[in-house]
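Protein chains in written order, with the working numbering: chain A, 1 to 353; chain B, 1001 to 1171.
Be careful, since some hints might not be right.
[To be verified] SDA-like cross-link-like pairs, simulated, lysine to any residue; straight-line CA separation at most 20 Å:
(1) A/66 / A/28
(2) A/211 / B/1078
(3) B/1060 / A/28
(4) A/213 / B/1116
(5) A/190 / A/28
(6) A/140 / A/125
(7) A/211 / B/1169
(8) B/1072 / B/1130
(9) A/213 / B/1094
(10) B/1145 / B/1099
(11) A/190 / A/149
(12) A/66 / A/211
(13) A/93 / B/1116
(14) A/213 / B/1091
(15) A/65 / B/1159
(16) B/1072 / B/1116
(17) B/1145 / B/1094
(18) A/211 / B/1072
[Said to hold, decoys possible] So these bits of chain B aren't anywhere near chain A, every CB distance computed over 12 Å:
(19) 1017
(20) 1136
(21) 1160
Please keep in mind that the hints were generated in silico from the structure rather than gathered at the bench.
Note that the structure is predicted; figures quoted are calculated from it, not measured.
Quick reminder that beta carbons are idealized off the backbone N, C-alpha and C, glycines included.
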Amino acid sequence: MALPKKIKKNISLEPQLFGPARRQELLDKIQEHGTYLPKSLLHEDLDRGFLDFVKDELGIVSEGKKVPVLDILITTQNWAQFTKTWNFNDLDKNIVPPFVTTVRTPEVKYGSTPSLQYTIPNRRQYFYAMVPTWGDDGRKGMDVYTIPQPVPVDIKYSVKIICNRMRELNSFNKKVIEKFSSRQAYTQIKGHYIPIIMDDVSDESVMELEKRKFYMQSYSFTLMGFLIDENEFEVKPAVSRTLALFEVGSDSKRIKKPRQIPGNTTIYNESFDFPISVTSQTKTFEYTANITLENLTNVSSYDLYVNNLYFGANAINLPNQKLQINTNDILKIEITKTNSSETSSVKLITKLV
Amino acid sequence: MAQRNVPITRLNKFFGAEDFHLDVGMGREWLEGDMNFTLVLYRVDKTKTDNDDIYGEAGKDSIKFHPPIEFKAFVQVSAPENKFLGNSKLDQMEPGNIRISVYQSHLDELGIDIEFGDYVGYYESEKRVRYYSVANDGRVVSDNKHTYGGYKAFYRTIVAVPVNENEFRGL
């Protein structure tokens, strides 16, 4: 009879952390047994981590014996040497099924975790930690540790089970499906938490009549890792405590530098130039100002528009006439030239309000 | 009801049952006397074998067989192939199939029949035996090749594929 759901079958003897404490624990593991810097994580580390994951998490038992897992990645060089010295091979020095092996797709693509985004160019260094140091002269200082952004990588693996019996297939399938029931599983590689996604299951069994028959099923996984190369880490000295001495003569007088007062910055000139055959100009004001006319060159009359609304003709000719322009207003001036074969200009005085 | 025997009268102007038996006898003398290729047949005892109820698969060393019987036959072993295991990158030396040509009269004398799934052991050396599983029991012998000049079938060609120790090792 099955146990009621509320009864715990496995009780952890170590206290389990949750929430922020768990997050801190994960961060601490990155630096555990190491320096202040994260541990380097390269292709071979990710491969080793995946092999360990397969061995520890996907191992099965058949007929009372643990199904062997090849603890090495199949590469072009090693396979022949390795399999012929394997400790469970037959008279022909071929590996006896059942066994589980892992094949890595040689190409490693730019990663898709957390998403396929090229965020930071040129391997810029980022602050990671500030570590207290003692200089040669015994003075206390700080070192600044910087690292570049880790590079995400997707590595594809095929985990293959080769066996003679359907029961072994079932057992392995159950183990994998249960482990990846929520599509992904996690493994820790050198303290880093790495997700693994299950992609597909395919059957490559040999079922031909006049051939040695065996089952082979291939489970493809994507390990969504990242690369951290310790050769790219930088340690730079920060500010250290120093003793600065200044010697000052008592007989010299301090020369006062004349104070520079900036000029009036609230009034400036604005010029609208009209080349030949141009009779209209616009300008967007990024401030609020009162404008008055300074002078006209080769202009017989002009019309003013604010935000395409007609304001008037020759409306600011007199000294006391002004036009208020607000921020983001568009001022348009249309002129009638005295001599149409020459250039014209309208000079305005702008006073910021 | 007894099965009706119909005499074979084809080719009877120049070939008959006596000639047929004579030639088969000479062939057997050459094969069993001169060549003397010996194999061991392990006929699977389907009632005693501890099979799985669902898949019909037996565990390691769980296949039960009738007492092994030696028989003489003409043996051709195909060359081994160095190839990948299925579609994987695992390459290994795959032993070749065995092709066994045996006189039907020899099987009749021994009172045995070779069926699909039976195992055959063939000693490659004094200490090394390789086991094969019958993948083609050669029961259909209606073709011209297996008849003596079109007169009557007289031998069977059996094809067997190598098996892993994990499946069968003669114990």
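Hints, one by one, checked against the model:
no. : hint            : verdict
1   : A/66 / A/28     : 35 Å, violated
2   : A/211 / B/1078  : 12 Å, holds
3   : B/1060 / A/28   : 48 Å, violated
4   : A/213 / B/1116  : 14 Å, holds
5   : A/190 / A/28    : 12 Å, holds
6   : A/140 / A/125   : 25 Å, violated
7   : A/211 / B/1169  : 18 Å, holds
8   : B/1072 / B/1130 : 16 Å, holds
9   : A/213 / B/1094  : 12 Å, holds
10  : B/1145 / B/1099 : 15 Å, holds
11  : A/190 / A/149   : 18 Å, holds
12  : A/66 / A/211    : 27 Å, violated
13  : A/93 / B/1116   : 27 Å, violated
14  : A/213 / B/1091  : 16 Å, holds
15  : A/65 / B/1159   : 33 Å, violated
16  : B/1072 / B/1116 : 19 Å, holds
17  : B/1145 / B/1094 : 29 Å, violated
18  : A/211 / B/1072  : 24 Å, violated
19  : 1017            : 35 Å, holds
20  : 1136            : 6 Å, violated
21  : 1160            : 9 Å, violated
Taken one by one, the earlier hints fail for this structure at numbers 1, 3, 6, 12, 13, 15, 17, 18, 20, 21, listed in ascending order.
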